[in-house]
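Trainee: Since chain A is already given, all that's left is putting chain B on it; use the hints.
Protein chains: 2
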Amino acid sequence: MSMSLPADLWPEVRPEAARRLMSAAVESFAAVGFHATTTRDIATAAGMSPAALYVHFPSKVALLYEISRGGHEQTLAMVQDVIGQAGSPVDRMRALVGRFVEWHAKRHVVARVVQYELRSLPEEEYAVVAALRRRIEQAVQGLIAEGVRDGSFTVPDEKLAARAVLSLGIDVARWYSERARKTPKALGREYATLVLRMLGSSAH
Amino acid sequence: MSMSLPADLWPEVRPEAARRLMSAAVESFAAVGFHATTTRDIATAAGMSPAALYVHFPSKVALLYEISRGGHEQTLAMVQDVIGQAGSPVDRMRALVGRFVEWHAKRHVVARVVQYELRSLPEEEYAVVAALRRRIEQAVQGLIAEGVRDGSFTVPDEKLAARAVLSLGIDVARWYSERARKTPKALGREYATLVLRMLGSSAH
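Protein chains in written order, with this note's numbering: chain A, 697 to 900; chain B, 697 to 900.
Just so you know, the hints here were simulated from the structure itself, not pulled from any lab data.
There could be a bad hint or two in this list.
Cut-off 27 Å, straight-line C-alpha distance, at most; resulting in silico cross-link-like pairs (BS3-like, lysine-lysine) [stated by the list, open to error]:
id	chain 1	residue 1	chain 2	residue 2
1	A	K802	A	K881
2	B	K802	B	K878
3	A	K756	B	K756
4	B	K756	B	K802
5	B	K881	A	K855
6	B	K855	A	K881
7	A	K802	A	K878
8	B	K756	B	K881
9	A	K878	B	K855
10	A	K802	A	K756
11	B	K878	A	K855
12	B	K881	A	K802
13	A	K855	B	K802
Short derived list, chain B residues pointing at chain A, Cβ under 8 Å [what the hints assert, rightly or not]:
id	residue
14	G729
15	F730
16	H731
17	R870
All C-beta atoms, glycine included, are put in the ideal place defined by N, C-alpha and C.
In isolation and in its complexed conformation, chain A is listed as follows (with noise of 0.2 Å):
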């Protein structure tokens, strides 16, 4: 399985050192999960010392924290940023999916550790992490609730096709891999067209 990681995964994460740990622990999470992993797996893989690894992060959970809720700060910022631009909310949506469900298929490793191991978070961690979920899923609810009020979009359940429509580009992370057919942009397209239809909008 190739475990190819882009390298601005974390542009804003110093020093280089760091991010370098946190690479070495998405690679090691995804392949077999947060608590078969040890720190020193992860030093190791990323050239350090375990005693250097603990300069940056004080403990597995701590990367495993750092990952998760980087991740979900992107996704947020980047749902928030397309609902925020002008347009109709028929256009903001099919920007939303594609830039979603992109980041879903050119990121599917780091995606899986942030969807996947976050039952792996202590109580406090996770509530963190939960609640910037409820954030992007309350932002797409929102957008959808725009829609249903200017006539573009109809559903039945307002927060369940929220629902529905992350869980299509969240699970894109599960089956994406470099072998398929589509690009990721192109995957991202024909998902909003898909998303549209199922809004009940008449624009695809």
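Mentor: Below, chain B alone, put in the same frame as chain A:
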């Protein structure tokens, strides 16, 4: 996290001790992942000695394989059953999504293991399960193609549409919990409506 497993998960597995080991394995794989689980953990949770485990399963991999293959075989049988019924493509798709989503909600703990621990299988065992997955996808794609031919559905890409239909159902296992607002059955019904829209059907 509640880990209550439905009692009728593996009605065909005999003797009862083997079923008990499979349930214990599912709970542990779901909680800490395949790699962090030992055969001792599984045996202890099932109230047995490690030696007694080996009477039924030669290894931890054999348990995961049995769980994974069993889950996929059940799903394939269900999909083939629904598709083989009389009725229009729309009716059969509605029934299919209803049952698929209901299964993933009701059995979300085992479904998570079936869906997300696949990569831990050795190559040969993985190939068997991957072949079952392809048959499931092809069956759904076949039903979509039938609907396209008789004018019930319009989709730009039948293969992609089949994947999206299955994605919506599979991702239910990730987020569903006993605290969810909707029953598995109600969720299945509402997702069926969303899927019919996605497939360009006017009958919803």
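Trainee: Each hint: holds or not?
Mentor: Tested hints:
1. A:K802 to A:K881: Given pair K802 of chain A, K881 of chain A holds - Cα atoms ~9 Å apart, limit 27 Å.
2. B:K802 to B:K878: holds, 11 Å
3. A:K756 to B:K756: holds, 25 Å
4. B:K756 to B:K802: holds, 25 Å
5. B:K881 to A:K855: Status holds; Cα separation ~17 Å.
6. B:K855 to A:K881: It holds: about 17 Å lies between the C-alpha atoms, which stays within 27 Å.
7. A:K802 to A:K878: holds, 11 Å
8. B:K756 to B:K881: Roughly 33 Å between the alpha carbons, so the hint for K756 of chain B and K881 of chain B is violated.
9. A:K878 to B:K855: holds, 12 Å
10. A:K802 to A:K756: This hinted pair holds, its Cα atoms lying about 25 Å apart.
11. B:K878 to A:K855: holds, 12 Å
12. B:K881 to A:K802: Answer violated: K881 of chain B to K802 of chain A is near 34 Å, above 27 Å.
13. A:K855 to B:K802: Since the Cα atoms of K855 of chain A and K802 of chain B sit roughly 20 Å apart, the hinted pair holds (cutoff 27 Å).
14. G729: Where the cut-off is 8 Å and the nearest Cβ of chain A is about 3 Å from G729 of chain B, the hint holds.
15. F730: Hint holds; F730 of chain B Cβ to chain A Cβ min 7 Å, cut 8 Å.
16. H731: holds, 3 Å
17. R870: This interface hint holds because 7 Å falls under the 8 Å limit.
Going through the hint list in order, the structure does not satisfy hints 8, 12.
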